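Produce the complete structure using the sequences and hints provided.
Protein chains: 2
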Amino acid sequence: MKYVPREEIESRISKVKKLMEEASLDGAFFHYKIDYYYLAGTMQDSLLFIPSDDEPILFVKREISRARRESPIKQITPFRSIKEIFTHIKPMKRVGLQLDVIPYNDVIRVKEYLGDAEMVNVSPMIQEIRKVKSPFEIGLMERAAEISKRVYEKIPELLREGMTEIELGGILEAYAKTHGHEGLLRVRSLNYEAYTWHILSGRTGSIVSQSDSPMGGLGLSPAFPVGASIKKIKKNEPILVDFGISYHGYHMDQTRMYAIGSMPDLFIKAYEACKEVHYRVLDKIIEGAVSKDIFEFSKQLAEKMGYAEYYLGYGHHKVRFLAHGIGIELAEYPYIAANHNYSINEGTVMAIEPKMVFPKKGSCGIENTVLIEKGSYRVLTNTDEHIIIV
Amino acid sequence: MKYVPREEIESRISKVKKLMEEASLDGAFFHYKIDYYYLAGTMQDSLLFIPSDDEPILFVKREISRARRESPIKQITPFRSIKEIFTHIKPMKRVGLQLDVIPYNDVIRVKEYLGDAEMVNVSPMIQEIRKVKSPFEIGLMERAAEISKRVYEKIPELLREGMTEIELGGILEAYAKTHGHEGLLRVRSLNYEAYTWHILSGRTGSIVSQSDSPMGGLGLSPAFPVGASIKKIKKNEPILVDFGISYHGYHMDQTRMYAIGSMPDLFIKAYEACKEVHYRVLDKIIEGAVSKDIFEFSKQLAEKMGYAEYYLGYGHHKVRFLAHGIGIELAEYPYIAANHNYSINEGTVMAIEPKMVFPKKGSCGIENTVLIEKGSYRVLTNTDEHIIIV
Chain A
1 MKYVPREEIE
11 SRISKVKKLM
21 EEASLDGAFF
31 HYKIDYYYLA
41 GTMQDSLLFI
51 PSDDEPILFV
61 KREISRARRE
71 SPIKQITPFR
81 SIKEIFTHIK
91 PMKRVGLQLD
101 VIPYNDVIRV
111 KEYLGDAEMV
121 NVSPMIQEIR
131 KVKSPFEIGL
141 MERAAEISKR
151 VYEKIPELLR
161 EGMTEIELGG
171 ILEAYAKTHG
181 HEGLLRVRSL
191 NYEAYTWHIL
201 SGRTGSIVSQ
211 SDSPMGGLGL
221 SPAFPVGASI
231 KKIKKNEPIL
241 VDFGISYHGY
251 HMDQTRMYAI
261 GSMPDLFIKA
271 YEACKEVHYR
281 VLDKIIEGAV
291 SKDIFEFSKQ
301 LAEKMGYAEY
311 YLGYGHHKVR
321 FLAHGIGIEL
331 AEYPYIAANH
341 NYSINEGTVM
351 AIEPKMVFPK
361 KGSCGIENTV
371 LIEKGSYRVL
381 TNTDEHIIIV
Chain B
1 MKYVPREEIE
11 SRISKVKKLM
21 EEASLDGAFF
31 HYKIDYYYLA
41 GTMQDSLLFI
51 PSDDEPILFV
61 KREISRARRE
71 SPIKQITPFR
81 SIKEIFTHIK
91 PMKRVGLQLD
101 VIPYNDVIRV
111 KEYLGDAEMV
121 NVSPMIQEIR
131 KVKSPFEIGL
141 MERAAEISKR
151 VYEKIPELLR
161 EGMTEIELGG
171 ILEAYAKTHG
181 HEGLLRVRSL
191 NYEAYTWHIL
201 SGRTGSIVSQ
211 SDSPMGGLGL
221 SPAFPVGASI
231 KKIKKNEPIL
241 VDFGISYHGY
251 HMDQTRMYAI
261 GSMPDLFIKA
271 YEACKEVHYR
281 VLDKIIEGAV
291 SKDIFEFSKQ
301 LAEKMGYAEY
311 YLGYGHHKVR
321 FLAHGIGIEL
331 AEYPYIAANH
341 NYSINEGTVM
351 AIEPKMVFPK
361 KGSCGIENTV
371 LIEKGSYRVL
381 TNTDEHIIIV
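Going line by line, the protein sequences match chains A and B. Sequential numbering from 1 applies to the first sequence in the numbering used here. Sequential numbering from 1 applies to the second sequence in the numbering used here.
Among the clues, some could well be false.
You can't tell identical chains apart in this list, so a pair holds if it fits in one copy or across any two.
To be verified - Computed list of lysine-lysine pairs in DSSO-like fashion (alpha-carbon distance at most 30 Å, straight line): (1) K231 x K154; (2) K232 x K275; (3) K93 x K111; (4) K111 x K284; (5) K2 x K235.
Because the hints were derived from the structure by calculation, they are not lab data. Being a predicted model, the structure only gives us computed values, none of them experimental.
As structure tokens, this is what we get:
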């Protein structure tokens, strides 16, 4: 079990303090576990307070001895109530809170103790810092990529006609867990859940759902309407496996295509087009192009190849992003997306996923998680990119 | 795939409208998918508005054709923005919002269009209704219990010395999925995640974590500090399996004890004490006793049997609940807990989980999901309750 090193935490806190200073904040509260894990190194039930002019304090509800072991933060204090926390804190004028994720009532409870202080959403600051990964983080993501590779290499051995999508998904996940996969994927959303067993075969690959993805799948019930279903996997249909991994909280995202017997020509060609988009887009990222221009470029490229209708979803179900940053959340900044106006920095890790959906027939696509380096890139999910026929 | 029947939805909406009327609300918004699924029958990306004096409107972002198929709500309308929603809604004076779960910024976005209207947290009203299960819901929970039984009956076949906790957890989950388990457990919390692969063996059973449970387990990393770990399962130690199931969104919770070779006497006796508490508590529930009195009674009973120190956790890590309602959330109202001042109605389904923790040695306990009926009860998780030795 790897703990986050002290110098890593110190560097992250000094970066967030700099952004807090630029925003004239006197202090900020981090309640959301994804973010206080990033800044403190523990996911024990806590609340992290960072004052602009002093050392951070980690307030821990449960379990404080584990928090002390895991976190290099010097001041770690037990707490039972918000009131108790404010006995440790000086009055402030401008205060950071994670207003994008913390429930309204919880913010109001804190506000009681803030007097007239102005509240500012501090999440964009930490999201900004999290965009660029440190060598420590890249090391963990490489381990996640190894697990991912083992899982994908296991698929040809497991795939057989007549098994259900969910059966394959379950077996892959059990296998992944024996190699360190943590089982859950984390997303910054009240209502959206991500999970690993995303196996779509033939027609279910063209079914759209509540998820912001070109294809959602049928799922298992109206209460679970995304991903693998009890549809049996058949011969000669495209099988799309989009299986996420989490290792020490770091995600890895990958998509590959499989078929039993043969893959219909439509999907072989569309898959090649997806690969073309994928690598041409990576070149554009390296050249320093702006996100929305890269997105537009990819659309035009798909169009030129004859896939305008099918690229990133069919008809009005198209999604407006092609790639997402990835780290301790499955999808985080930066994005390659229709409205995003920035270029991609080195040190960013992105999941690039050009996909095509053919109504009533199915879908195909490729997805790699890629580290952007200075003037180059490195594909972390370096599994064979051929369509695998068993 | 079962859809929620029209009469079921109509009955739920009429109940929530009655509570809204008592609270003098002019209308209420349900943003949280667990709750709008309960009231509308779909988990497509939606927002449900219920006016006090008119028919409900389901606003759907994605995917509206699935929402129309799944939901019996008559008025189903696409929407892109909050602004659009308010073109369908009359001005209101008192408005219900789910202030306990909706992020602050999202509430503020709605508030812009509410003018001076007073905002009221509507979640307690739907939580109140969800306490009592309908025959339709009980039918789904019975199916979930069947899946759970199959999983537990599979354990003796799978358990072997030297396998890791997470390996067993993964295999059980794969098996459960082939029988209809949906893989995720849902909890009403920003920071707490529940999941099924909760296998604790020997000493890891005495490790506490951020979760509000007597024992949390070691987990896989500081980013995933709860539940099964890479500890190898050994001979002659207590193995606690607390494995949740989800079927059509309905949860089922169960705990049983296993050992390879033999179970140490300490745990055999403590397990028998847990069973005693479990069934004596059920009698108290049926007699109509008040939640906090039942909780206190169970503590005294554990104390009499010599387990005061170990019951529901060790030392300052004790939890203050013994049972939780269960349904489309893993833990929901009602609770048997230290501060809860009500008795338990018939039609309630509860997971009752007396557990003991022995520091550095491990833990044991039993958990059943039980339907409370008129003057009696029915254990849904009717798996053999003996300690299983393989």
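Going through the hints against the structure:
Proximity of K231 and K154 under a CA criterion of 30 Å is satisfied in both settings, with 21 Å inside one chain copy and 24 Å between copies. For the homomeric pair K232 and K275, the shortest alpha-carbon distance inside one copy (28 Å) is at most 30 Å, but the shortest distance between copies (42 Å) is not. In this assembly of identical chains, the alpha carbons of K93 and K111 lie at most 30 Å apart whether taken from the same copy (12 Å) or from different copies (24 Å). Taking CA atoms no more than 30 Å apart as the test, K111 paired with K284 passes in neither setting, with 45 Å inside one copy and 42 Å between copies.
Taking the shortest alpha-carbon separations for K2 and K235, only the inter-copy value of 28 Å comes in at or below 30 Å, while the best intra-copy value is 43 Å.
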